[in-house]
Amino acid sequence: QVQLVESGGGLVQPGGSLRLSCAASGSIFSIGVMGWYRQPPGKEREFVALISGRFTNYADSVKGRFTISRDNAKNTVYLQMNSLKPEDTAVYFCAAAKNGGNRPNYWGQGTQVTVSS
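First residue of the sequence shown: 1, per our numbering; consecutive thereafter.
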């Protein structure tokens with residue numbers, strides 16, 4: 001099993017920045033692709049970004065503003081979010097797929113990000 005714990009959410013003004021962290025523990029060797037999803041109020045969960053080795057991919061809505069990175073020594077994935085907009089308000093979830101897969105098998109509990117003046 002793999003446990004994922006997010007941190008770093010909070011309240012920020014439009015145009016501001018936040019960095020989310022996701023610490024993985026447990027059967028780390030079984031993890032391949034890792035990523036971030038979010039669920040805005042009243043909406044369904046949506047893809048934000050993923051990282052696999054040196055490959056990264058982003059949702060169009062966050063390209064150029066968000067950056068995903070991974071520190072394998074710390075078993076941690078980060079999401080640097082810049083130029084935040086009110087529509088980025090959501091619960092952000094860390095996710096991990098088993099080696100060889102591309103759909104999440106493990107989820108964190110989520111961290112709230114609120115962008116408001």
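Incorrect hints may appear among the rest.
To be verified - Distance ranges between label pairs, derived from CB positions: (1) N99 to G10: 26 to 34 Å; (2) V5 to N99: 19 to 27 Å; (3) N105 to G15: 31 to 39 Å; (4) R45 to V5: 16 to 24 Å; (5) L11 to G101: 30 to 38 Å; (6) G16 to R45: 17 to 25 Å; (7) N102 to N72: 15 to 23 Å; (8) L11 to G100: 24 to 32 Å; (9) F29 to T114: 32 to 40 Å; (10) R45 to Q80: 32 to 40 Å.
Bear in mind the hints are in silico, worked out from the structure with no lab data behind them. Cβ atoms here follow ideal geometry from the backbone N, Cα and C, with glycine treated the same way.
Structure-based check of each hint:
1. N99 to G10: 26 to 34 Å: At 33 Å between Cβs, range holds.
2. V5 to N99: 19 to 27 Å: holds, 21 Å
3. N105 to G15: 31 to 39 Å: The hinted range 31 to 39 Å holds for N105 and G15, with Cβ atoms some 36 Å apart.
4. R45 to V5: 16 to 24 Å: holds, 18 Å
5. L11 to G101: 30 to 38 Å: Holds: the Cβ-Cβ distance is about 35 Å, inside 30 to 38 Å.
6. G16 to R45: 17 to 25 Å: holds, 24 Å
7. N102 to N72: 15 to 23 Å: Distance hint for N102, N72 holds at roughly 19 Å.
8. L11 to G100: 24 to 32 Å: Once the Cβ atoms are compared, 39 Å apart, the range 24 to 32 Å for G100 and L11 is violated.
9. F29 to T114: 32 to 40 Å: holds, 36 Å
10. R45 to Q80: 32 to 40 Å: Once the Cβ atoms are compared, 21 Å apart, the range 32 to 40 Å for Q80 and R45 is violated.
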